[in-house]
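Protein sequences appear in the order of chains A and B. The first sequence maps to residues 1 to 172 in my numbering. The second sequence maps to residues 1001 to 1503 in my numbering.
Keep in mind the hints are simulated off the structure, nothing from the lab. It cannot be assumed that every hint is accurate.
[Unchecked claim] With a Cα cut of at most 27 Å, we get these calculated DSSO-like pairs of lysine-lysine:
1) A:K95 x A:K161
2) B:K1160 x A:K167
3) B:K1147 x A:K167
4) A:K30 x A:K95
5) B:K1147 x B:K1159
6) B:K1430 x B:K1418
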Amino acid sequence: MLFENQQIATAALPSVETVQFQTLPPQALKLRTIGWCITQGFIFLVLIGVMLFGDVFKQKWPWIIVFGIWGLQAIYFFWMARRRFYREGYAVREKDIIHTKGYWLRTQLTVPYNRVQHVEIEQGPLARAFGLGGISVYTAGDSGGDLSISGIEYAEAERIKQFIAQKVGNDE
Amino acid sequence: MSEVSTPTPFYFQPSRQSPVAILLILARLFRSLIGQFWPVLILLLLRRRSANSSQMWVWVGIGITIISVVRSLLTYFRTRFYVQNNEFILEKGGFTRRRLSVPLENIQTITFQQTFLHRIFNVVSVEIDTSGAKGSEISINALDREKAGELREYLLSWKKENTSSAAAQEKTPSIKTPEDTLLQLDFGDLLRIGLSQNHLRSAGILFGVLASFAREIQPILGKSTYKYLEEEWGLTFNFFWTFALWIGVFFLLVSVVATMILTAVRFYNLRFVRTGEGFRLEAGLFTRREQAAYLPKIQFLRWSANPLQRMWGMFNLRFYQAAGYELGRKQTLQVPGCYLSQVDTVRQAYFPESMALPWTWLSPHRLYFYQRLVLLGILPLIGLMVKTTLDFSWFWLVLSLLWFPATIWWQWNLFRRKHYGLSTEGLWTKSGFFTQSQTLLLWRNVQAVVLHQSFMDARYQLVDLTFYTASGAVEIENIPFSRGTELRDYVLAKLEYKEYMLA
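Construct all of the structure, not just a fragment, from the sequences and the given hints.
See below:
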């Protein structure tokens, strides 16, 4: 029982727990892996640059530790990125949209359509090559309440946007 | 022009600001110029100048002045505002022109502000916050006080008429409720408010600023401060502690005095008024601010009291209200020095059912306590112990011995006082040990719901919930998973389905 003096049968409420979440397409994992490789490669190049031209350590062995740490975090984040990817999903319901993500810290954000201020679709140059895009759903005020899914099919993003726009329109 | 029989209000035709605006725009322009170029100015003043270059700088100065004057004149003449087809339109621009139009229903709050200059000419600056996208806030530099009042009256009453009919919840007759002053601070109240601020914190900030400043200028002095103290003042270790104690007392005193002055300036002659549409707050000695809270725009309430304030029965009340993007602290309206009766009046207005509804009270799981104990008690303790063994001194030893029990005591009390009240209409949270605060949130103000579960939460089958409103968020931590999901589903249903809306 959620409340004392119960008037509402909470068991009859539409429950998020029973929702089947839509997972992201496999190309999105490829896209993320490429993005991740670029970031890691950039860090690696910066480290190399500092080692060759900078004057930080006098001996060699600290550099072995530095690159060791780099390697370990790269492996860890590579592994985590896959794990996180398979835990991410979204659900477009009749009255709201839900986005769930995270491995160690699971989050599930729900935005009712009647609170939506506007919807945006994004597509970076890399995502375009894969036919992917992202969708952001903005609510009034605080940015923490904004929902943003990246790495879904561009056409799907457009469909969701259409759907939400129509829902928002009906509401008023 | 002579009087027209039925004068249309000024805001239906394109109107300009008060001419005082020219002065204000100019002042602001100069201030921002100086703000950006002061290092150059100082450099110029310090440098030995030759006759030639100083003449050049005079010309540059004259040039800048002329451009500024032209610009502010342009800005003044090109800024016009009016209401048309249920939209508030602002045309503005100095060199580039812009036209902003805001649907009247999107207007959230209207704020008046008076700097010293404004008060001389009896004008106010008007800020109109909207619920639209970034950069769609409207600000008018200077408007005659009466005109500004008329404009606000019109905008708020329009909004009331056009939104309450849609919600169909209250058929309030359009009789104007007389304004009712709830609170007026006198000198004694100001004194108490000033005294009950967090002086330890401000002393700490002050000390931090001065310490970093001292570190900055150390290379200039050429010796380390400690050496300086030792050599010039003959301070030994024992002396150092008495010295530190005096420094502490000194900083505390300075901060008390400074906070008192700041409080007095900020809240001088504070008036907190209940109006037909909501509340209004006026305060300030040099810059007199006037903020209005339109009742439906209040997202949630929070009132708090530290031990000193509890002794005097005073609360610090805050309204979190919807405003546009990135307005920061303007979104919250702070009323210090409220007594219980004022807090109750505001509660009554915001959430009338909160007095009568049955509340179900929940406490966080013990994990709440353990997690904070590890984070704030054990981790720093390890650091302290390492420091003590590497570099022994009695100070570090005593600190590490006291740290853990003190954290237990502090965190346990925090944990014990954390309560979440649930009802069909809203949420009521109580928290805090030294400063105790309460929050009241109506479910209908929720914009989005987030469920968090860390791996530790998962082990204990717990969950955290965050309710986002248009002005900040309210959190519930470490409650049972089933309760959390049930609550989330309930709040969503309440927002999404009409039958629950009216429940």
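Comparing the hints with the structure gives:
Taken as a hint, the K95 of chain A and K161 of chain A pair is honoured in the structure, with Cα atoms around 14 Å apart against an allowance of 27 Å. For the suggested pair K1160 of chain B and K167 of chain A, the alpha carbons sit about 25 Å apart, so the restraint of at most 27 Å is met. Taken as a hint, the K1147 of chain B and K167 of chain A pair is broken in the structure, with Cα atoms around 40 Å apart against an allowance of 27 Å. A threshold of 27 Å between alpha carbons decides the hint, and for K30 of chain A with K95 of chain A the separation of about 32 Å lies outside it, so the pair is violated.
As the CA atoms of K1147 of chain B and K1159 of chain B are separated by approximately 18 Å, the hinted pair is consistent with the 27 Å bound. Simply put, K1430 of chain B and K1418 of chain B have alpha-carbon atoms about 6 Å apart, close enough for the 27 Å limit, and the pair holds.
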